[in-house]
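Chemist: If you want the building blocks of each chain, they are given just below.
2 protein chains.
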Amino acid sequence: MATDRLNARTEALLRRLVRRDAASALRKLLARTRPSDIAAAMEHLTWAEQRRLYRLIDEDDYAAEVLAHLSGDSSREITREMTEEQVVALIDRMEPDDATDLVSALPEELRARVLQELGAEEDVRELLAWPRDTAGGLMTPQVFCMPDTATCGQAIAALQANDEHLETVYYVYVVDNVRALIGVTSLRSLLTSPPRTPLVSIMTRDVIRVSPAEDQEEVARFVARYDLLAIPVVDEHSRILGVVTVDDVVDVIREEAAEDMLRMAGVVEDERQASVVRQSWTRAGWLLATIGGGILAAEIIGLYEETLTRVAVLAGFIPVIMGMGGNVGIQSATLAVRGLATGSVQIGGAFGFVWREARVGVVLGLLYALLLGTYGVLRYPGQPLIGVSVATSIGLAIALAAVIGACIPIGLSRGGVDPAIATGPFVTTLVDVLGIIVYFNVARLLLTL
Amino acid sequence: MATDRLNARTEALLRRLVRRDAASALRKLLARTRPSDIAAAMEHLTWAEQRRLYRLIDEDDYAAEVLAHLSGDSSREITREMTEEQVVALIDRMEPDDATDLVSALPEELRARVLQELGAEEDVRELLAWPRDTAGGLMTPQVFCMPDTATCGQAIAALQANDEHLETVYYVYVVDNVRALIGVTSLRSLLTSPPRTPLVSIMTRDVIRVSPAEDQEEVARFVARYDLLAIPVVDEHSRILGVVTVDDVVDVIREEAAEDMLRMAGVVEDERQASVVRQSWTRAGWLLATIGGGILAAEIIGLYEETLTRVAVLAGFIPVIMGMGGNVGIQSATLAVRGLATGSVQIGGAFGFVWREARVGVVLGLLYALLLGTYGVLRYPGQPLIGVSVATSIGLAIALAAVIGACIPIGLSRGGVDPAIATGPFVTTLVDVLGIIVYFNVARLLLTL
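Read top to bottom, the protein sequences are chains A and B.
If you read the first sequence in the working numbering, its first letter stands for residue 2, the second for the next number, and so on.
If you read the second sequence in the working numbering, its first letter stands for residue 2, the second for the next number, and so on.
Don't read these hints as lab results, they were simulated from the structure.
Some hints here could point you the wrong way.
Stated by the list, open to error - Distance condition first, Cα-Cα at most 20 Å in a straight line; then the derived DMTMM-like pairs of lysine to aspartate or glutamate:
1. Lys-29(A) to Glu-60(A)
2. Lys-29(A) to Asp-207(B)
3. Lys-29(A) to Asp-74(A)
4. Lys-29(A) to Glu-50(A)
5. Lys-29(B) to Asp-61(A)
Claimed, not checked - Over 12 Å on every C-beta distance to chain A, these chain B residues come out as not near it, computed from the model:
6. Arg-126
7. Trp-131
8. Phe-223
9. Gly-417
Stated by the list, open to error - With the C-beta cut set under 8 Å, the calculated list includes, among others, these residues of chain B facing chain A:
10. Leu-18
11. Gly-184
12. Thr-193
13. Ile-296
Each residue gets a CB set at the ideal place from its N, CA and C atoms; glycine is no exception.
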């Protein structure tokens, strides 16, 4: 299919037109492009360009839909110069969950004014009470519920009467007289049952549900594991508060998986031109640990200055011992971070994982000790003990690195710190410092310096 | 909700019971646990334990559903000792897309016998023709299509008559007399339109579709961007071949995002006890590049042996210069790998990205040159040129690393290599070697050694 390249071309065209400020050509392009494609293309523009483009959208429904598909950062920048009336007009055209995302992305002062203006809009106010990364923050309160006394025919009639809510009807939830969830059935079951069938006789009673405080990763795990299109959110009395739909879960999964990867490297994903300073700032903080570790390493190496002056070739092996230790450590840490995210490594029961990493570390350590040792002996045939020192050190460093790499994310998790954020600098610094200490002590011992 | 902990407890219980070989307790547990939960728990067991547990499942439908939720590796191990008749009996109870996944996971010889046995089952044979990571490999051929002459009432009647196919009905596709896709409508629209309404008057003509050869990541991107529940797969004449449903897309997104992260570190995700050797083997290959680079670095440092003998403190700064270069390089490379995966970095138009990384590299280089230079001058006040050498070198190394880290994944992509796999070793090796060359040459120049 050419759809991908076509999109890329539309994006390039859009960018060119925005930069040339070609208003009438842009209006034409906007008219024949889907709102979600416009939103995706806008994410590559600068804030000023985004605002300029957005002002060209005439139709309110279209404008609301574009805004609903934009990231929080873009929404904030685009609404920055709007009045509260303009924002409220857009909110009125949005689904409650998208409206809530928009309100929470607004610049603070504007948000206060918008909330005052909204007044009666209870949905948005209630949804704002939940943190963004919970089931409550993801849910929409528009749920199609039927009383447990209803029949299939009545449910179909209610669906037909009520097309405002139809946007999010994937399932029909059956509730008792206090709105407590007691069962679920599908639109397809409604269609294939005789109209007089009571809902309770076709519903599934074992409904997978979450509380509003449930973490969004956990919600995503449920939806993925049970192949759901939507998952109901209930309070402590089983009363239904809303529903999280699969399209929002897809976004969560995309974000979360990418986030862990970016956090491991200490970077932020943000492709706009304005962000060199922000990107540098985020990365500088993370690298500070590396430079701290590096200075510590320099101090430690300084302690062995005399050793180095006598056997200068020892310095040559510092990079490989540190590099191998660092890489093995990051490998184990990556597995630990992933395992903690997917649940395959449990904070309280990680012994099996650490033990397996330890064995992998020993295997890799032996393998590379042999390899680097052989090189060392062949390279400095007059001083075979140099090769032996190097082999012993790299073997120990690799085995240590595997254990350290496996343990640090688990320890951070236990301490309530996101393991993806802090793991990288911790692991490399610790592994580097330990690697050097092992190396010089082994060398001094074997070479009796 | 306690569902998460409850699952973890069920898993632990399951493991204990399997290890104690407590058949009757296991049968009871199986009877009250969902097949997808059993499958998730089984992934933590050894192959032998998985087989032992699987044999205890009496009901065929349940057994088929557990198998459909298992990973390819587990399916292969479980079916290894089955006869072709047993496998075919399970396949008969599966959706065609799950059946296809199972067949392609079978041990080779068994697969041939199963395919012979299947004979008439055209669905599975046709689906097997597509690579697993394409739209064709993900799709199910069970699509609910209606001719363009039908009315809403006829469509509902057809749905009611045809409940075998109902499993995957999220949309009603409208086709012309050669089965070419011309429109789509939802079950909800069917319900809310008068029965005599022609389908063509309520359908959307602009249907987002993919070809069977489309890469699964691209399919996932479409489903995410347009909030779809299913996406039709069509041949070159627009004839509908099947449909990819959102539950399979959720699995793709989970896999792909994790895969990139694991590939960057050169590890495989696999938590079974048997895998120490496999894990070590995969990682050893990836680390080979690191050790190659390390030996090269050692050789280069060897060239400057005389310099080192005279100013031994220079050796102390090798780790920090290499470490910072390596980390900045990996940061830029991570952003490039993510950008290539999400489409925000285009292979042919990456100049903007590289230029931004270059500027970030210069900012970070200046910052850390200042920091490390200050340390160097304060630490060795008698030889201020040591501090100046170190500052110059780390600044250059960081800026170079940012550009190299940004370019290598793009170059690998252009050469048809998965950037996530090869980026790590390439970037660290190149950055290390260049960093050392810069450092010693700057030092020799400034210290006039």
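Chemist: Beyond 12 Å from every chain A Cβ: check whether that's true for Gly-417(B).
Modeler: holds (17 Å)
Chemist: Just want to verify: Trp-131(B) was marked as not at the interface with chain A; is every Cβ pair farther apart than 12 Å?
Modeler: Non-interface label on Trp-131(B) holds, nearest chain A Cβ at 14 Å vs cutoff 12 Å.
Chemist: Does Asp-74(A) lie within 20 Å of Lys-29(A) when you go C-alpha to C-alpha?
Modeler: violated (26 Å)
Chemist: So Phe-223(B) supposedly isn't at the interface. Is its beta-carbon more than 12 Å from every beta-carbon in chain A?
Modeler: At roughly 7 Å from the nearest Cβ of chain A, Phe-223(B) sits no farther out than 12 Å, so the non-interface label is violated.
Chemist: Restraint: Gly-184(B) near chain A, CB-CB cut 8 Å. Satisfied or not?
Modeler: Result: violated, 16 Å to nearest chain A Cβ.
Chemist: Over 12 Å to the closest beta carbon of chain A is the bar; see if Arg-126(B) clears it.
Modeler: holds (24 Å)
Chemist: Taking 20 Å as the top limit, are the C-alpha atoms of Lys-29(A) and Glu-60(A) close enough?
Modeler: With a Cα-Cα distance of about 13 Å, the restraint between Lys-29(A) and Glu-60(A) holds, given a limit of 20 Å.
Chemist: Quickly compare the C-alpha distance for Lys-29(B) and Asp-61(A) to 20 Å and report which way the hint goes.
Modeler: Given that 20 Å is the threshold and the Cα spacing comes to 58 Å, the pair is violated.
Chemist: May I ask you to test the interface hint for Ile-296(B) with respect to chain A, counting a Cβ-Cβ separation under 8 Å as satisfied?
Modeler: OK, holds: Ile-296(B) within 8 Å of chain A, min 6 Å.
Chemist: Under the criterion that the straight-line Cα-Cα distance not exceed 20 Å, is the pair Lys-29(A), Asp-207(B) satisfied?
Modeler: holds (18 Å)
Chemist: So, as I understand it, the hint says Leu-18(B) touches chain A; can you test that by seeing if any CB pair is closer than 8 Å?
Modeler: Cβ of Leu-18(B) sits 17 Å from chain A, so the hint is violated.
Chemist: Can you confirm whether the C-alpha distance between Lys-29(A) and Glu-50(A) stays at or below 20 Å?
Modeler: holds (17 Å)
Checked against the numbered hints given earlier, the structure breaks hints 3, 5, 8, 10, 11 and satisfies all the rest.
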